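I would like the entire structure built from these sequences, with the hints used as guidance.
Below are the chains, spelled out letter by letter.
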Amino acid sequence: MDFPTINPKAQQFDAEVLSNKRVGSYNHMVFSVDEIASYARPGNFVAISVGGPGTSMVLRRAFAIYRATVKPDGQGLLELVIAPFGNGSTWLANRQVGDLVNMVAPLGTAFGIPTEPVRALLVGGGYGSAPLFALAEVLKARGCRVDMVLGASSAAKIYAPLEGKRSVSSLTITTDDGSAGTHGRVSDVIPGIIASSNIEIIYSCGPMAMLSAITNISKERGIMHQCSVEESMACGIGVCMTCVLPVEGEDGVVRMTRTCIDGPVMDGSKVIWTKSREIPDGVWGK
Amino acid sequence: MTFDFSTAMAGARFSNPILTASGCAGSGKELSQFFPLSELGAIVTKSIMVKPRSGRATPRMAETPSGMLNSIGLQGPGIDQFLENDIPWLKEQGVKIVISIAGESVEDYAVLARKVRGVAGITALEVNISCPNVENRGQVFACNPTTAREAISAVRRNIGGEVPIIAKLTPDVTDITEIAREVVDAGADGLALINTLLGMVIDTNTMFPKLSQKTGGLSGPAIRPVAVRAIYQVHAALPDTPILGMGGVASGRDAFELVLAGASAVSVGTATFGNPAAAMVIKQELEEICIQRGFVNFRDAIGFAHRAEGGDGE
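First to last, the sequence lines map onto chains A and B.
First residue of the first sequence? That's 825 in my numbering, and the numbers climb one at a time after it.
First residue of the second sequence? That's 71 in my numbering, and the numbers climb one at a time after it.
Careful: at least some of the hints might be erroneous.
Unchecked claim - Where chain A lies over chain B, by a calculated footprint (3+ residues, C-beta under 8 Å):
no., region
1, 121–128
2, 303–314
Unchecked claim - 20 Å max Cα-Cα, derived PhoX-like pairs, lysine-lysine:
no., chain 1, residue 1, chain 2, residue 2
3, B, K99, A, K1099
4, A, K1094, A, K1110
5, B, K99, A, K833
6, A, K1110, B, K284
7, B, K121, A, K1110
8, B, K185, B, K161
9, A, K989, A, K845
10, B, K185, B, K121
11, B, K185, B, K284
12, A, K1099, B, K121
13, A, K833, A, K845
14, A, K1094, A, K1043
15, A, K989, A, K1043
16, A, K964, A, K989
Everything labelled a hint here was simulated from the structure, so no lab data went into it.
As the structure is a computational prediction, the values presented were derived from the model and not from experiment.
Here a beta-carbon is modelled for each residue, glycine too, at the ideal position from N, C-alpha and C.
Here's what the structure looks like:
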C-alpha cells in the first residue's frame, strides 16, 4: 500500500515581498517565488514561518494561495490575502517591500477542474474567497459558467477585488449584519442560485460551519461539492497530525485524515461534519 | 585532525547524533522531500500501538509562548500495518530506524516487543511509557516506579538480546532519577529524556479549555531547561547509561546544551513543525560548535558540563 504524502512540488524557500496593500479588513501581499508559481494550483496553500529570528512563535501559518502567475520574463509571483487577527498573521501583514519570509509551497490538494464545461457555483466565506478567483479564471478558460456567492459578517470583511470579478458571471453578496448585499448567510441564497443557474458543482472555501451547511444543500440536490477546509495546522507538511478531520475514504472507512495532505480541498460529501469535540462513532481506531 | 561526529547508544552506532523525535517525523516520507533521511543519525518513528488508533478529537493543538500543546493521542495504524507499510519504505532510504512503541497495558508492551523482534534491520527500540495523552493519568507508566519497571521488563523479556531498549520518560515526576534507576534495573539499555510536560490552555474568548481533551503535552523551547535539568540529573546518577536527549532543541547551540548535560544523541521534534529542514540545520550547527570548542571527537562533549570546576576545559 502506498500512503499519501505531501504535494510533490512543495519546496522550502525565502520569498521577497514585492507589494503589500491594505484592502478592507485584509492585506493583499505579492511575493517573488521563481518557478514555484508555475506549480501552484487553485486550492493549494503555503506555510509561512512568522515572527523572525528569536521569535516565541514556533509554528508555521497556513494561507490559501490567492493567485500564482509567471511573468513573461520568468519571474514567479505568488499572491496571498492575509487577515491580520493573530500575532503571526499580524507580523506577516506588517512585512515591508523587500523583506524576506520563509515559505513552504505549494502544499495540499487543488480544486478538481472538470474536463467538460459545467455550470459552477463558487462560495466564499470571509477571506475564504481568496482562492476562488484564480479558480474562476481556470473554470472560465474551460468554458464553464461561474456564479459566485461571498458572505461575511460585515461589508468590510468581503474580499472581492475588481480584477478578480472579471471571470464571474454573477456575484451575490451576503452579510450577517446587512451592511452589504443580502442580509443573511450564504446558505440562504445558494438554493435559489442553484435552481436559477442549473448549478452542477459547488466549490467552497470558508468556515467549517458554512462548509457543513453547503454540504447539506449539495447532498439534497445531488450536486458535487468540493470544499477547502480550515482546520488549524502546526506544520502544514503532514508530520504534526493536528489538522485532522473524520473523512470517509474510498474503501468506505472513516479515518482521522490530515487536511494538509488529503486536503485542504476535499469532497464535502465524504467529510463527517461534526460540531462536537469528540471522535464520531465508527471512526477507524476509535 | 578530522572531527568524529559519530556516536553510540548501548551498542547502536549512529553516523551523527541528530535524530528525529517520535511523533514529529510523520512516516518519514513527508520530510524526505526536504532532505535525504540518510543524513539523520536515525529516524525515530511515531509511537506505534497494538491496534489502529484514531487519536483524539480536534482541537488537538494550541500554540504557546515558545512552544505548543498537543493532544494527538497516538493516532496511528497499529503495529501490523506499520511494520508492513512504513518500515520497508524507511529501509529503502538507508536511514537507521528506531521504532517507538506505546502500550495501554503491560501485555501490550510484550506484544509490541515480540512483533518488533521479528523485524530485521531495526537499530533500537524506544519504549514510550510516558505519553501524557492517555485517558487516565494513572496509565502513564513512567509516573510510577512499579509500572515503569513492569512495562520495561515486559519488553526486555520479549525483545531478545540484539535490539537495544531506550525507555522514554516523563519529567512530570518528583524524582526522575528514581524512575530512571528502576527502568535501567529492569533492562533498559538507554533512556530518552524528556517527553512533553502535561499542560493546559484556556481560551479566554470561549472560556473553555482550548483542546478538546482539555490537557495536552507541552513541547518546544519553553521546556528546554526542564530537559537540560532532567538529563543532567540522570547522567549524574547513572553515568554509564546513554541518554537520547530531547526537549525544545531548535538550534545547534540547544543540541550542544543537551549534550553537555549528558545526552549521547539529540532528537529534534517541535522545531521540525516550524522548519522542515530543522534537523539538518541543527546537525550542521552542532558540528560547527563542537569543532569551534575544540572537540576532536563528539563523544568527548557528552556530559562535559559535569567535569570538575576549575579544570581548564579541554
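Do the hints match the structure? See the list:
1. Here's how the region 121–128 of chain B fares: 8 of its residues keep a CB closer than 8 Å to some CB of chain A, so the rule of at least three is met and the hint holds.
2. A stretch counts as covered by a chain when three or more of its residues have a beta carbon under 8 Å from one of that chain; for the region 303–314 of chain B and chain A the count is 0, and the coverage is violated.
3. Distance restraint check for K99 of chain B and K1099 of chain A: the Cα-Cα separation of roughly 32 Å exceeds the 20 Å cut-off, and the hinted pair is therefore not satisfied.
4. Pair hint K1094 of chain A plus K1110 of chain A holds up; C-alpha atoms about 18 Å apart against a cutoff of 20 Å.
5. Pair hint K99 of chain B plus K833 of chain A holds up; C-alpha atoms about 14 Å apart against a cutoff of 20 Å.
6. With a C-alpha separation of about 18 Å, the suggested pair K1110 of chain A and K284 of chain B falls inside the 20 Å cut-off, and the hint holds.
7. For the proposed pair K121 of chain B and K1110 of chain A, the alpha carbon gap of about 10 Å is at most 20 Å, so the pair holds.
8. Proximity of K185 of chain B to K161 of chain B is assessed by CA-CA distance (about 17 Å); at most 20 Å being required, the pair is judged to hold.
9. For the suggested pair K989 of chain A and K845 of chain A, the alpha carbons sit about 18 Å apart, so the restraint of at most 20 Å is met.
10. Among the hinted pairs, K185 of chain B with K121 of chain B is consistent with the structure: their alpha-carbon atoms are about 12 Å apart, no more than 20 Å.
11. Only pairs whose Cα atoms come within 20 Å are accepted, and K185 of chain B paired with K284 of chain B is rejected, the gap being roughly 33 Å.
12. The suggested pairing of K1099 of chain A with K121 of chain B is violated, with an alpha-carbon distance near 27 Å, which exceeds 20 Å.
13. Between the alpha carbons of K833 of chain A and K845 of chain A the distance comes to roughly 28 Å, so the proposed pair goes past 20 Å and is violated.
14. Between K1094 of chain A and K1043 of chain A the CA atoms are separated by roughly 11 Å; this keeps the pair inside 20 Å, and the hint holds.
15. With a CA separation close to 28 Å, the supplied pair K989 of chain A and K1043 of chain A exceeds the 20 Å bound.
16. With a C-alpha separation of about 11 Å, the suggested pairing of K964 of chain A with K989 of chain A holds against the 20 Å cut-off.
Checked against the numbered hints above, the structure breaks hints 2, 3, 11, 12, 13, 15 and satisfies the rest.
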